[in-house]
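S.K.: All chains, full assembly: derive it from the sequences and hints.
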Amino acid sequence: HRTLTIEGEPRIRLYPVAGIALGKLVLTEPASDKVFIALDSAEIAVATLPLLSREVAVEALRISGLKVNIAREADGRLNFADLTGAGETEASPELGELRIPAVRIAQIAIERARIGYRDVASGREVTLDDFNLKTGRLDGATPGQVTFSARLTGRKPELDIRAQAAGAVRFNLQRQEIGLDAFSLQVKGRADRDTLAVEIAAPKVEITPSYASGSAIAASVKLSGPKRRLDAKLNMAAAEGTARALSIPSLALELDAGAEGQSVKGKFTTPLQANLAGPAIELPKIAANLTLSGPGLPQKGLALLADAALKADFGKQSAAGELAARFEDSSLRAKFAATRLAPLVATFDVKADRLNLDRLMPPKKAPAKDDDRIDLSGLKGPRVSGQVAIGALTAQRVRLADLKADVKLAGGKLEVAPHSANLYGGTLSGSLVADANGNRVAIKEAVRGVQLGPLLRDAAEQDRLEGRGKGTFDVAAAGAGVSAMKQALGGTARVEMRDGAVKGINLAEAIQDVRAVLGSRSATASDASKRTDFSEITASFVIRNGVAHNDDLQGKAPLLRLTGGGDVDIGNSTVNYTARAAVVATSKGQGGRDLSSLAGVTVPVRITGARGRHGAGQDHGC
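Numbering (our numbering), first residue to last: 30 to 651.
Don't read these hints as lab results, they were simulated from the structure.
Any given hint could turn out to be false.
[Stated by the list, open to error] Here are the simulated BS3-like cross-link-like pairs (lysine-lysine), alpha carbons at most 27 Å apart as the crow flies:
1) K262 - K314
2) K185 - K251
3) K442 - K380
4) K409 - K364
5) K559 - K499
6) K256 - K296
7) K53 - K163
8) K296 - K364
9) K163 - K217
10) K380 - K364
11) K340 - K409
12) K473 - K437
13) K256 - K217
14) K217 - K294
15) K437 - K515
16) K515 - K409
17) K559 - K585
18) K515 - K499
19) K256 - K163
20) K442 - K473
21) K499 - K585
22) K251 - K364
23) K96 - K63
24) K499 - K433
25) K515 - K473
26) K53 - K96
27) K380 - K296
28) K233 - K251
29) K256 - K185
M.R.: Spelled out as C-alpha cells, the structure:
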C-alpha cells in the first residue's frame, strides 16, 4: 500500500469554471515512507461551458515544487508498476478517427519541478531539476510568450547541463497550425569530460495546411573534450509551401569534428521537401564535400565528394536512397530501398570500380585477450538482401579483382553467398555465414590456380613458398569470442601446390649434412638463400576443437620424395609437425650425383613452436 498525505482542505469549483486547488501533497512508495511524488501546491481550472462544444479552455494550470522520484529496482521492476496495473490485460475498444478538440490556454506556470530517475542495477541516475515553464495566452489565434528553463544532472555518465528557451508560440492542434516568433534555445553544460553548447534561433516560422512562410533558421552545436570535438553549424532557408507540401530551398550543414586522432571537415547542402501530415521527408539533391584526416589515411588526408538522394515516408514505413561518391582514384555507387523501417526490411546494390580499404581505414589496435568478444546479436531483427560488385579490392594487404557477392540477412543469419573473385592469377569462390542463433560462423571456400608467393608476401608478409596452389576449406566455429571460436573450430581443408619451391630450407643440403655426420665428407656450406624445389605437394587436414591434423603430406621434388604429418593448434597458435624427405635414385636434378649414393635415406624435418615464430630444421635423432 501507499500513503497519500494532503495538507489543508482541497478547494473545488464546478461552475462556471471547474477546477481544484491543492496544498502540500506527498505520495509514498509502496510499503515505504520514501517519497514517490510530492508538491508544494497545484491548481487546474477549465471553463465548463466550452466543453459542451468540444473546446478545452484552460483558465489556469499552476504547479509549484513538484518532485517525482522514479526508480528501477535491481529486479527490473519500476516503482510505479502498481499504479499502472502492470500485468493486467484488458480489451481495448475500437476507436474511430481521432477528433482533436480546440484548445485555449490562458496560462501555464510550472515552478521548481524536479523529476529523478535511478537504476539500482547499473547505478545510473538522471535528474531533471529546477524545471520552470511559464506561458502567456495560447489561444491558437495570436502568439503567446513562452519561457522555459531547466537543469539536467546525472551519473554514469556524469551530466550537468542547463537549458533555456524563450519566444512567442502559436499552435492550433485542431487546424494543424503552428507558429514561432523570435524563438531561441540555448543549452550549455558538461557531459562526462566534454563541454557542450547548443544554440537555435528561429526569428519567424508559420506553418498551416494552406501555407508556410517565415525566415531563415540557424543552429549550432559545439562539443569539446580530451577525446573528441564537434563544431557544427546548420542554416535553413525560409520555409515555403504548405504543411502537406513543405519546401525548404536550401539546408546547409558545416561540420568540423574529430575523435581519437581522426577528423572530418566539410559541408553538406540539400533542398528539403516534407509532408508534416505523413509524416514524410525527401532530400532530393544532397551534395557533400568532405575532407577526412588521420594517421591511417593516405597522405594524412582524404577528399570525398558525394551526391545523394534520400526519401522516407514514416507513415508508410518506407524509404529509398541513392549515393554516388568519389575519393582518391575510386568511385562508388549505391542504392537501397526499404519497405519497412522497424524492423528493417530492405534491399541494396553497391558497385565500385576500386577500393583500397587499407588506405581508407587506419590500423586498429589488437584487442585485449580478455576482451575479444564477438556479439552477433545485432543481426537479429532486420531482413536485408543485396549485391556487391567491386572491380579491384585491397584489404589487409590482399588484392582481389572482379569481386561479386550476394548478401542476405534474415532470421539472425547473415549469408555472403555465393561470392567470387579473381585472386593472384587464380580464383576464389565460396560462402560465409554468421549466425546470431548460437553465435556461429561458417566458411566454405575454394581457391584455384593462385600464385602462392605474391599471396603470402602480401597476406602474411612471409616469403616461404613459390608456385601455384589450390585448396578447399570447410570450417565452422561457435563461441562468445575469438579465442573461444579458435578452440572450437572444426571442419576439413585440403591444399595442393605445384611447380614451386619451399623457402627457408634446402633439403638436398640437409641430406648432404647427414652424409657429413656419417663421416663421408665435410658438410657443405649453406647458401644464403635456401630453397627446395618441388613439382607437387598435397595435404589434407581434419580440424577438431581448434587442432588441424594432417597425416597424408605428399611431395615430389627432382631428387626427393616428401611425406609427413602433425598438428597445427589454431586455438593455442602452436605447430608440431614432422616432414620426412627421402632420396630417390637419380643422377639428375637438385643435388645431382653427390646424392645418388644416398638413395633411400630419409631425413626428418621438425617444425615446432609458436605459430609465426616456429623453427625448422633436420632432426638427426629420428
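S.K.: Does each hint hold? Answer for all of them.
M.R.: Results of checking the hints against the structure:
no.: 1; hint: K262 - K314; in the structure: holds, 19 Å
no.: 2; hint: K185 - K251; in the structure: holds, 22 Å
no.: 3; hint: K442 - K380; in the structure: holds, 23 Å
no.: 4; hint: K409 - K364; in the structure: holds, 23 Å
no.: 5; hint: K559 - K499; in the structure: holds, 24 Å
no.: 6; hint: K256 - K296; in the structure: holds, 23 Å
no.: 7; hint: K53 - K163; in the structure: holds, 21 Å
no.: 8; hint: K296 - K364; in the structure: holds, 22 Å
no.: 9; hint: K163 - K217; in the structure: holds, 21 Å
no.: 10; hint: K380 - K364; in the structure: holds, 9 Å
no.: 11; hint: K340 - K409; in the structure: holds, 25 Å
no.: 12; hint: K473 - K437; in the structure: holds, 16 Å
no.: 13; hint: K256 - K217; in the structure: holds, 19 Å
no.: 14; hint: K217 - K294; in the structure: holds, 23 Å
no.: 15; hint: K437 - K515; in the structure: holds, 25 Å
no.: 16; hint: K515 - K409; in the structure: holds, 24 Å
no.: 17; hint: K559 - K585; in the structure: holds, 18 Å
no.: 18; hint: K515 - K499; in the structure: holds, 23 Å
no.: 19; hint: K256 - K163; in the structure: violated, 39 Å
no.: 20; hint: K442 - K473; in the structure: holds, 16 Å
no.: 21; hint: K499 - K585; in the structure: holds, 16 Å
no.: 22; hint: K251 - K364; in the structure: violated, 32 Å
no.: 23; hint: K96 - K63; in the structure: holds, 12 Å
no.: 24; hint: K499 - K433; in the structure: holds, 20 Å
no.: 25; hint: K515 - K473; in the structure: holds, 16 Å
no.: 26; hint: K53 - K96; in the structure: holds, 11 Å
no.: 27; hint: K380 - K296; in the structure: holds, 25 Å
no.: 28; hint: K233 - K251; in the structure: holds, 24 Å
no.: 29; hint: K256 - K185; in the structure: holds, 17 Å
The structure does not agree with the numbered hints 19 and 22 stated previously, though it agrees with the rest.
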